[in-house]
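A.B. asks: What follows is each chain in one-letter form.
There are 6 protein chains.
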Amino acid sequence: MDFYTIVRPEHLNHYHYLFGGVMLRWVDEYAYVAAIREFPTARFVTRAMDQVSFTQSVKNGAMLRFQVKREKLGKTSVCYRVVVFARDLQAKEEYHVFETAVTLVSLAPDGKKTPLPSLLPEL
Amino acid sequence: MDFYTIVRPEHLNHYHYLFGGVMLRWVDEYAYVAAIREFPTARFVTRAMDQVSFTQSVKNGAMLRFQVKREKLGKTSVCYRVVVFARDLQAKEEYHVFETAVTLVSLAPDGKKTPLPSLLPEL
Amino acid sequence: MDFYTIVRPEHLNHYHYLFGGVMLRWVDEYAYVAAIREFPTARFVTRAMDQVSFTQSVKNGAMLRFQVKREKLGKTSVCYRVVVFARDLQAKEEYHVFETAVTLVSLAPDGKKTPLPSLLPEL
Amino acid sequence: MDFYTIVRPEHLNHYHYLFGGVMLRWVDEYAYVAAIREFPTARFVTRAMDQVSFTQSVKNGAMLRFQVKREKLGKTSVCYRVVVFARDLQAKEEYHVFETAVTLVSLAPDGKKTPLPSLLPEL
Amino acid sequence: MDFYTIVRPEHLNHYHYLFGGVMLRWVDEYAYVAAIREFPTARFVTRAMDQVSFTQSVKNGAMLRFQVKREKLGKTSVCYRVVVFARDLQAKEEYHVFETAVTLVSLAPDGKKTPLPSLLPEL
Amino acid sequence: MDFYTIVRPEHLNHYHYLFGGVMLRWVDEYAYVAAIREFPTARFVTRAMDQVSFTQSVKNGAMLRFQVKREKLGKTSVCYRVVVFARDLQAKEEYHVFETAVTLVSLAPDGKKTPLPSLLPEL
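Just so you know, the sequences run in chain order B, A, G, X, U and D.
Each residue of the first sequence is one higher than the one before, starting from 1 at the first, in our numbering.
Each residue of the second sequence is one higher than the one before, starting from 1 at the first, in our numbering.
Each residue of the third sequence is one higher than the one before, starting from 1 at the first, in our numbering.
Each residue of the fourth sequence is one higher than the one before, starting from 1 at the first, in our numbering.
Each residue of the fifth sequence is one higher than the one before, starting from 1 at the first, in our numbering.
Each residue of the sixth sequence is one higher than the one before, starting from 1 at the first, in our numbering.
These aren't lab readings, by the way, just hints derived from the structure by calculation.
Some hints here could point you the wrong way.
Identical copies go unnamed one by one, so any copy, or any two together, can satisfy a pair.
As the list claims (entries may be wrong) - Derived BS3-like pairs (lysine-lysine); straight-line CA-CA distance at most 30 Å: (1) Lys75 <-> Lys112; (2) Lys113 <-> Lys59; (3) Lys112 <-> Lys69; (4) Lys113 <-> Lys92; (5) Lys69 <-> Lys59; (6) Lys72 <-> Lys112; (7) Lys92 <-> Lys59; (8) Lys59 <-> Lys112.
Since we're looking at a predicted model, the values are computed, not measured.
Here chain B stands alone, though its shape is the one from the complex:
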């Protein structure tokens, strides 16, 4: 599953590059969307995020692609690898800027871990 966003002035740090904290917020959001698309009736919270490296500064106007793939499927949790690519304004090539894995856990209404529902077949 791929997700896309555009870097605008409101997302920049004071050096006029993408603020790392905004990247982390998007990664968390898109991992959640991936999980809820595969398990629509589950109630998920983010449990963990792997170590991350910021190796490339991202510029205003870049299009980001968040490639999200299921990596591990547990009884009560699911882990997605999120790889982020950027394509600069008016450029053709995209390049790798960020990568991590996000684990989400399925909770019952009382806040305790509960088994995941079955995977939605069509995704």
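Since chain B is already given, all that's left is putting chains A, G, X, U and D on it; use the hints.
C.D. replies: Below, chains A, G, X, U and D alone, put in the same frame as chain B:
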């Protein structure tokens, strides 16, 4: 091309449903992303949006899917139909909530209309 | 009824002009304010927005004037024409940048259409 | 000159009343808009705000009216009284919630005080 | 008690200096945090803010320090002096940019003033 | 060095708990502030963040304390441990909610790593 987002408290109007203006902002953004994915070297601005109807209130926690399809391809502009579906929290079914068409025009650096580059083949 | 706002960096797209989606959000908001000023006891939601054209890029620092006029008055709905003018920073003249019509419908607490209350006389 | 806004969930503090800091931000913004409407070619910055009292909590969905009146006109500065009234959702009566005075000073491009241009006659 | 923040593009006015309204929002927030650190079980609202002067423009990338000191302790209210210093990007020296006093009042759940709890000793 | 913030409605996910992505954004910001306080003349970017676990949901109105301690000091980079504690509204006790380590690297204007300046003695 499909795009996804989650409705959170910051997106709600004072009745605690999705604020229509936020929906319009997302529609504009995803039509732009669709265009830039197909024509990466173009410089686009939104030129027009068709009449819109809001027929369904959208709740906090709903997942929105923005289905974006190219509808018309002109010499200097391109038009995308954007159809939005919502899936309520922990529900399986999605339902139609919104539909419009967005026209983007390709501009030269001097701000004048300029022919679109050729379509990126792989999309 | 006129409404005003200033375009600041947080409202810009990556070309450093006003992001069209932000304009649409303001138009939706000011049409609602106009309706609630005329019908304070009603419970309104946006039902429709006419086709829109973006014919002028708006710069950082511009003052926007949203001129909102009641255009049609139905039994359960009301329509406002919204015309937007911009005045550039330190300039004297304003120019037309955007125009549409927004229809709002009066809802009962159960979400069904309900007749509008009588118009507040003093507005 | 009157300005209007609607209190939405994104403006609330954790008690679900209007966050005072958001009120102050709006007061600052509307005083600036009033000044720039009267002196379009000036370059203004806020210089001072009078002591303020928050005497009423404002609820989600309230419509705020910012009544802005010129109070003092100096050679290089101008002061506006800002009185804020709220009208609760579906209520007819508005009530006083806030009052202050904001002084703006006219600056030259080098950042030094400079005489105000003449007042725009039609406002 | 000292609080810190960084000025980023989203905080700027259209002249690319810190928007005064954002400064006021931070001052209100940090005075509240100071109060809640000293009186954790109280329920506070901002009651008043002293006259303020903006004497220095603050640039993108500056680090702000909000120095907050208890100034007056009443039976149902407490007043903090907030002095704000800025340090420009890659500069060593900080300079005074803003100063005010914020009064918070302790409320009971019914919204009436109620005596402050005893001061948390360790702060 | 300790940093504080209050969780408000705009920071919540659709379950009305703190959105994990907002926590990550704050952690990134406060690690940066810690670094810039110790090395004011450096130009820092975030290079890495350790694996993180979200073990506790954080409620609206909670006060967060970000305890930031320098953990490693390299020639061109510095690493801070960030431990986050929450204190619920009107509660006296705080509890541990989050922990990670953030590495920042010192860059020259050309974007290459450059040795850190000497540590500011008074911090």
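A.B. asks: If a hint holds in the structure, say so; if it does not, say that too.
C.D. replies: Hint by hint, here is what the structure shows:
{"no.": "1", "hint": "Lys75 <-> Lys112", "result": "within (13 Å within a copy, 43 Å between copies)"}
{"no.": "2", "hint": "Lys113 <-> Lys59", "result": "between (40 Å within a copy, 19 Å between copies)"}
{"no.": "3", "hint": "Lys112 <-> Lys69", "result": "within (26 Å within a copy, 33 Å between copies)"}
{"no.": "4", "hint": "Lys113 <-> Lys92", "result": "between (44 Å within a copy, 21 Å between copies)"}
{"no.": "5", "hint": "Lys69 <-> Lys59", "result": "both (25 Å within a copy, 27 Å between copies)"}
{"no.": "6", "hint": "Lys72 <-> Lys112", "result": "within (20 Å within a copy, 37 Å between copies)"}
{"no.": "7", "hint": "Lys92 <-> Lys59", "result": "both (15 Å within a copy, 28 Å between copies)"}
{"no.": "8", "hint": "Lys59 <-> Lys112", "result": "between (41 Å within a copy, 17 Å between copies)"}
Against the hints set out earlier in the document, no violation occurs for any number.
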